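Heads up: the sequence lines are chains A and B, in that order. Just so we're aligned, residue 1 is where the first sequence starts under my numbering, counting upward by one. Just so we're aligned, residue 1001 is where the second sequence starts under my numbering, counting upward by one.
For the record, the hints were derived by calculation from the structure and aren't laboratory data.
Calculated cross-link-like contacts (lysine-lysine; reagent style DSS-like; alpha-carbon spacing at most 25 Å):
id : chain 1 : residue 1 : chain 2 : residue 2
1  : A       : 19        : B       : 1449
2  : B       : 1027      : A       : 19
3  : A       : 19        : B       : 1026
4  : A       : 19        : B       : 1442
5  : A       : 19        : B       : 1424
6  : A       : 19        : B       : 1181
Residues of chain A clear of chain B, computed beta-carbon distances all greater than 12 Å:
id : residue
7  : 177
8  : 338
9  : 342
Just so we're clear, the structure is a prediction, and the values are computed from it rather than from any experiment. By construction, the Cβ of each residue, glycine as well, lies at the ideal position given by its N, Cα and C atoms.
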Amino acid sequence: METNPNRRRKIARAFRISKGYAIPFLIVMGILTIVAFAIPLRPTRSYSEKRNLKEFPEFSVETLFSGDYFDDISLWFSDTFPGREWWMNASKVITSMHGVNDIAVTNTSFQADAVPTAPVKQQETSEVSEVVVEESSTEEAVTVPEETETAEVQEEQSVAEEESSEESSEAKEASMEIIDAPEGSVEEWGGIDAGEMDNAILGNVIQIGGSAFSYFGFSQYYSDVYVDIVSELAENLKDQGVRVVSAPIPQSIGVMVEPEFQEMLGCSEQGAVLEYMMGSMADSVYGVNMFPKLVKHNDEYLYFRTDHHWTAIGAYYGYESICETLGMKPVPLDQFEEMEMGEFIGTTYGSAPQPYMLELDDVVAYDPPGDITFQISDDGYSFYDWPVITDLSWSDNYVKYSCFIAGDHALSLATNNDIPDGKTCVIVKDSCGNPIAPYLMANYHKVYVLDFRAYSRMNISSFVEEYDVDDVILAHMLAMVQGDGANSIFSWLLR
Amino acid sequence: MVFSSLIFLYAFFPISLLLCGLFRQKKAQNVVLLISSLIFYAWGEPKYVLLLLIMSLVSWICALQIERVRVRRRKKGKGYVAIAALIDIALIGYFKYAGLIVSIFGEVPESIRNIALPIGISFYTFQLLTYVVDVYKEDAPAQKSYFNVLLYAALFHQCIAGPIVRYKTIDEELFGPNPRKPQLSRGIRRFSIGLGKKVLLANACGRLADSLFPAADLTILSGNTVLGAWMGLIAYALQIYLDFSAYSDMAIGMGLMMGLHYPENFDHPYVSRSVTEFWRRWHMSLGTFFRDYVYIPMGGSRCAWPRMVFNTLVVWALTGLWHGASWNFVLWGLWFFVFLMIERAFLKKVLDKVPLFSNIYLLGVVLLGWVVFRCEDMSAIGAMVKSLFGMNGNALSDFVTLITLKNNMFLLGVAIIACLPHGKQIANVLEYAYLRNSDKHKALAVTWKIVAFCIFPVLLLLLSTAALVGLSYNPFLYFQF
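If we strip away everything but chain B, and leave its shape as in the complex, we get (with noise of 0.2 Å):
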């Protein structure tokens, strides 16, 4: 099951919300949680659920011992992290990696090109390593309980599209004795926000890149013109984060609906000056994982600079082969980590003092790096890369390349202005400068609220919900993930 799907928003969520809703308990609403979170998974994956039954049964076992080993024998159970995480990296190395491992060696088996990657295995697994990395640095108590382990893996607003939620932010909200402080109205509008950027734009941009940049269509990729081969970057650059940033909206929201607070996943991205702003700024909870569960363990930068050079490359190429079981993803992480290398040197001090000039290069760096994300065959990057810069043959533009642009002139000017700060910063201004002065000015408050979150959600709900009747075109961009 997806979010933006009319299964979810009209059987699976409005049940669940009414029964989180009926229970005030902080257990009931969990228990809830816990039923509706497995039926929801095993929706979409009825044998998988066993892999997750099993994944977070290891780490509850390796979490109880880690503590009875320090209070016991004042050792710090080093040992069980050990075996967690290697049963973890194990399971998930044998499902989404293992055609990439075989293929070093030679042909890949047909047995092993079948594997079947089960949904939101890359989420879940490192949610689960932080849970025991965090019992083992003692920043949060290990669960006696299997299911509540279970539940924080697959919570069903996180589990299978992110953002990471590390155990220790959310452990007293999911299972402290405080009660939860929902905040009903908040959450809906972001839920409706991450709705409708994902109905409403995100897959109408996809649509639109899919003509002009398909993954593997050679005829069309080497057929493009300038024009056309940029308008497809552009939207497929669009398309990428309008989906991923929507489906972490739609989670906070329903978090928020909760009472459970989860961490922000993206803060606008493309307004970024330079490669390392953007990847502070790009699916913060992944990068963060890495940074405290990976860099830092392996010295960080606080060591030798070949030293740091080889923990930043181990870095990035984990975040590119997270992000996809083959080459040309550990590619698309080398690419960057090339940039990021260059920018500590000398660039950044460059790039921090000319705006405009760093906003541009860091979207030729980041729509470059697109086309290697998009395209697993070289044959197909290189198409592209040649389209791109008119190497090709093909013109600058044709009849047929304007047509599609005027078409989908107003759309792209939405989306576009949908990934600037700038419509939350208005409206954040908007929002104080009503609500401050709510007992002098009563009236805007109450229009400011009223339109704010009774008439923008409703409005794109319904548009939403016209958007996926009869939809084609819905694509779950995770099902590699």
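Same shape as in the complex, but just chain A (with noise of 0.2 Å):
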């Protein structure tokens, strides 16, 4: 115990802490409370979460006295916080400090079906073989191959739909309104909003490395929901000579993550899935199973690492399982002009465990050769016209994948000027659908792009027959039919 009063007075001295000590705390509390009053520091929209953020409440007397005009208030304080995209990349930073996370996980509890084997149908699938290994023999020029043995009466046919494709043709330009592309670029208007869909989808995220892969779970009952569908679709459309084709595209955890990791973490085998549901098709369906490729192919840049979307190689062997199952001629990937958009961060990045850690993505885009004509409509009715593929290497990096055909939109028309006998498809789709339907512009004179979340004027089958189609293919997300989201809207509009 100290004695010396003097000595006793300077210790209880220092252990009273000046007020001078506080002033670095105050200081910087001071300048963020200047900056959070700074209104036009504010961001409105937030690119990395593509939604607007919260917008100062309207006042009125009942949400004052509910106490709900004080919570909108805090909300927007906090939502639209200045330098918020900054603040929350440090936010993720901080999180990833919790552990090690050369793996991480979201949520630990996912469950799916059992996958039944694949119902066996042998004709079918020798009836393929054999035309696949015909056209490629005798195929050369790039327009939808002719059966020869029928040559003739597909002659008659066809001069007969072209007689009747005119006429409507011209009905049909007529009803097409064309009007002036909207103001700004797609970064602004490119895309709809899908809301809850495409939440179900991303769920569960699993991180390895730098690449993030959503679960994918199998639903017995959604999968034969939509096999029905697609069957009564297929055999509703086959007596007027319309192909249904069912090309669903797998998620990127099948195909990118091995076997037994998959199994570990309980999510279902895609290619069974595949197999399985082509297997329980009707014949009359034309199904792609577009696996077995990727797979083969796995070792290159076919999914994005902070999307759950894949990139245009991966949507190039899509392409091309489509065509061998439809006898026609993929177009070489070199023959179509490479465009390069740059760095892209996507959709998975904000939902998974540990975004610091993901190697970021970059998006490469693939524009079909020859005279194409694109227009691009948000209500079926009024046309804009715009490229294929928009040049987005300015852009923010949160929206590059809106390159391919400008994002979604309820319908869109691709109109190839060097194929005129060519034949007509309507690509139902999803935003995964995007980058593939550039490929198939190369094989068809003209193709209608519908994405079927935004898409209500009529179904399929007077789609078909208002606008000629010839084949109308299924191109959308594996995922998207093991739920009910998509097979509610499939079941009035695939009819």
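Both chains are sitting in their own frames, so use the hints and assemble them into the complex.
Now the structure itself:
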């Protein structure tokens, strides 16, 4: 015990921490308060989360007394805090320090149905393979081939078809209103709000090394619903000579991650799922199982690491698979014009457990060769001109994927003037179908791209009649039909 | 409004701090504090400010009457205590417990189920009760000014999440003639530690707890591996301690900044060696309230054994009930009552002699108690208990659970360290060592001060801000209090 009173006083004084030490904290708090009140500094849109940020609420006496007015102000205050993106990145760095994250998971409870063995359809597969073998030996030109056995009959039919298609195309041209393209860039208007449906896909995410993968779970019930809808549609349309093609797009986890790993996570094996679905469909359905081809090339950049979509390379292999099934010759990739868009940060970035550790993506797109006009419609009536691939090399990192056919729109039409006597197809798609559409534009005269989440003018049977379509191609995520969202739309659309 | 939100940190708090700093007079500062507290409360619940005003009015009138009766009629004024207590309890009984009470007799009608719980009612009601009782016991004079009583009840530092500050402990500092002695730097340090604990540790543990130990999702609860169940339970135990103690830290820190000294509420309860000790370290202000205002008036331990058991039973049922208006909370209180009785009978003497085993014993009791606390549904409790002991057919651990553990090992490690007193002890030792010799080793002393009082709080503030921006998960656990 210190006895010297002077020294005791000095020590007591030393324990009194002077107000001066509070100054740095107060300065930092003061600066951030001033910044927080600088209204112009507040952002209005979050590109990374793909949403508009909360607006300052309208005043009303009811909301004042219920407390909602103040709650909304608090929400606005934090949602639009200046420097939001920077702060969120800092927060992700902090979260990355919670543990060792070479593999990271978001959720631990995941259950999927067991995949039954695929029904075997012997005759079906041999027919298809015969056709494929024939085409590859005789085909040279970039046109839809006609089967040599029934060539005469086909010619007659095609002439008749052309005549009637001319008439209907005139009628169709008349029903298409041409308007000006919207203001601003694809960055602002290139997409629809798919909301809950996309969230169902993203759900649980596992991160392995620098890539994020959404889990995939098979649903017996919903897969059967989908199979029934597609089979019925194919049966109804086959008498009109319309081919219904089901080409579900596998998710990245199935293709890029080892099967043992997927099993440990409880994820269903997508190859088996596709075999089951293709095997269960009616014979008139042209089923495309692109899984084996994708797996064969899985050392290439097939899927994005921070997004649930596939890249243009992955889409090319999907395109090859569709061509093989339909008996068309795929146009080699080097005939397309390569366009680099630059660094890309996608959808799974936000929901990944440790986004800071993800290796960022880049987007490369392939513009189809030849004289192709492309028109977009958001309502199904009025169309505006736009390039097939938009150059987004200058845009924000989060929107690069919208370079493919300008993002998601209710209906778009690509006309390949180099194949005037080619067939017409409609691609019924979700956002995964976007990179595959440009490839098909090299094989068809007219390619309609219909986003089933936004289109509501008429169902497919009417569409096929109205626009004189030959092939209906369903190019959507495999995961989309493991739930209710897409299937409930298909139940009225695919009739 | 909650403390751990951007609007509090960068709008409400700086402005009220600035205004308090501008006015040096106690009376002027009290006006600022009162107005800002009412704004704070109204911001969250505009309608229920009225309830706060009414309860304070009742307490103010009753306390004045007690004094008047004592002075004029030489009576004690017990009646007024009873009136105040009855009205307060009736109001809290209606808003918080109506559903529970009605459920005893049958189906709860929709109108009762929809009664909203005014925030902080459990805290300010108790504070007002201590005011009336302290006046009755002549521990403090009654307030002539209604606004002072209102300030005491509504003070935003502790109104919504404690600690429960008894009137006689704060009376002098709030209303007395002597000037307040603010400790700005220490207050800021305490506040920022609380903020960091809440935002950086408690919220993250809460996210983990919610994915492994949700309150009602039976699929997850029964599907857990043993390791997953324990991880979820431990994460929950960490969340609830760090969250609750963080709010007390922030309240105490803000009080220090003004020169108001609130009592400590938590003293590292998880290092306790017995349930008896645990409740002397957990939510201490509630424990002492029940001891001084319920247990001792009922006779405490100075009576026959059966009566003492009954007194203890009442206190623990009330403790459980205070935490939530549902039967699982009462069960939770009674769970501790059983162990307390056993300890009092013979176990405590044993526990005092076996240090490590007593720690494990205590943690086991407390963790299992949290299962009852968390799940309102008996089937959920059952599912979780089965998972904890591997009785639901699930494996000891699986791939995903191990990955989850690996992903969170540093977080859990730091959170556990934050529960231990050693960090604080080391800081105290260092502070004492450096400052004691500050005249001889000035550089060391100044370095310590800069690190502990300048750098550390600023760092915590910035990190917490980052974590709060765009945060979707910032739960306020006290909406049921």
